[in-house]
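Peer 1: Working from the sequences, and respecting the hints, build out all of it.
Order-wise, the sequence lines are chains Y and G. Read in this note's numbering, the first sequence has 115 at position 115, and its numbers run on one by one without any break. Read in this note's numbering, the second sequence has 218 at position 81, and its numbers run on one by one without any break.
Note that these hints are calculated values from the structure, not bench results. Predicted, not measured: the structure shown is a model, and the values here were computed from it. One or more of the hints may lead you astray.
Unchecked claim - Below, a list of computed lysine-lysine pairs in the BS3-like style, where the Cα atoms sit at most 30 Å apart:
| hint | chain 1 | residue 1 | chain 2 | residue 2 |
| --- | --- | --- | --- | --- |
| 1 | Y | Lys-65 | Y | Lys-21 |
| 2 | Y | Lys-109 | Y | Lys-21 |
| 3 | Y | Lys-65 | G | Lys-248 |
| 4 | Y | Lys-105 | Y | Lys-21 |
| 5 | G | Lys-224 | Y | Lys-14 |
| 6 | G | Lys-222 | Y | Lys-10 |
| 7 | G | Lys-224 | Y | Lys-10 |
| 8 | G | Lys-222 | Y | Lys-21 |
| 9 | Y | Lys-21 | Y | Lys-10 |
| 10 | Y | Lys-133 | Y | Lys-14 |
| 11 | Y | Lys-14 | Y | Lys-105 |
| 12 | G | Lys-248 | Y | Lys-14 |
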Amino acid sequence: MSEFKKFDQKNWVKTNLNYRKDSGSWAWILHRITGIALIGYLFLHIYSLSPLSQGRAAFDTFVAKYTTPFFMVLEWLLFAFVLFHSLNGIRVVLVDWADGARYHKVLYKYSVVIGTILFFAMGYIMFAHEINKFFAG
Amino acid sequence: MYKHQHSTSSGSFSWVFQRITGLILVVMVISHYILMHYTPESGHTYDAVLARMQSNWYRVFDLTFVVLAMYHGLNGIWGIFRDYKLKQWQSVAIIGLLIIFGLAFTLWGIKTILDIPYVPTVSS
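Peer 2: Below, the structure is given as structure tokens:
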């Protein structure tokens, strides 16, 4: 009679790191990380738009802070998180409801390719002005 | 012995609803990106927001978006905690905190949206 190895909750980081990982395991890990980041961002977003209630002057000075290049790069990264969570979320729904367990690895590859393309397309759209200026010399 | 769980207490509703809200949110987040960045009404100044919010469609969209996103996000966080063996007081504390913070920030967001005044004439 074989006995299940009891999950060692105290060393869960080590246990998880030692586990052999397929594409699905990475998808699961990244889905959690992006999910936590996105709910964190939602809280931040509600906080950062709240000066709308204080009128024009308060809001415009507040928003000016978020239109700097530093925040634009952060927004681009935020888009990467949104992309991964959306594409992998669709993959999860297909696995659950559309027999996706048979083709989930292909779906993962497609979502990585589509996600990468959309990420760089968004980068071009966001920074088109800077990129064009750079190549114009 | 496996204890039979009634479907209303097994979490199956929240599991299904997490997928439904997720699919709706994918559509909404795409719309949000297009509406906030690639339509004539786009813009992030106070005047742009004021002009946009004269339309109740924008208000209804934003209200729905904040409520669904908050539910989906916090239910997801609870889903992560549920993967670990928790004592009952820990579960109660975590759910309590999620509900309190979730409600507070949702109401704050709703207030922000509804506080934006309707003005008779806005230069568009």
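Peer 1: Each hint: holds or not?
Peer 2: Outcome of the hint check:
{"no.": "1", "hint": "Lys-65(Y) - Lys-21(Y)", "in the structure": "violated (41 Å)"}
{"no.": "2", "hint": "Lys-109(Y) - Lys-21(Y)", "in the structure": "holds (15 Å)"}
{"no.": "3", "hint": "Lys-65(Y) - Lys-248(G)", "in the structure": "holds (23 Å)"}
{"no.": "4", "hint": "Lys-105(Y) - Lys-21(Y)", "in the structure": "holds (13 Å)"}
{"no.": "5", "hint": "Lys-224(G) - Lys-14(Y)", "in the structure": "holds (23 Å)"}
{"no.": "6", "hint": "Lys-222(G) - Lys-10(Y)", "in the structure": "holds (11 Å)"}
{"no.": "7", "hint": "Lys-224(G) - Lys-10(Y)", "in the structure": "holds (15 Å)"}
{"no.": "8", "hint": "Lys-222(G) - Lys-21(Y)", "in the structure": "holds (23 Å)"}
{"no.": "9", "hint": "Lys-21(Y) - Lys-10(Y)", "in the structure": "holds (21 Å)"}
{"no.": "10", "hint": "Lys-133(Y) - Lys-14(Y)", "in the structure": "violated (48 Å)"}
{"no.": "11", "hint": "Lys-14(Y) - Lys-105(Y)", "in the structure": "holds (26 Å)"}
{"no.": "12", "hint": "Lys-248(G) - Lys-14(Y)", "in the structure": "violated (45 Å)"}
Comparing the model with each numbered hint stated earlier shows that hints 1, 10 and 12 do not hold.
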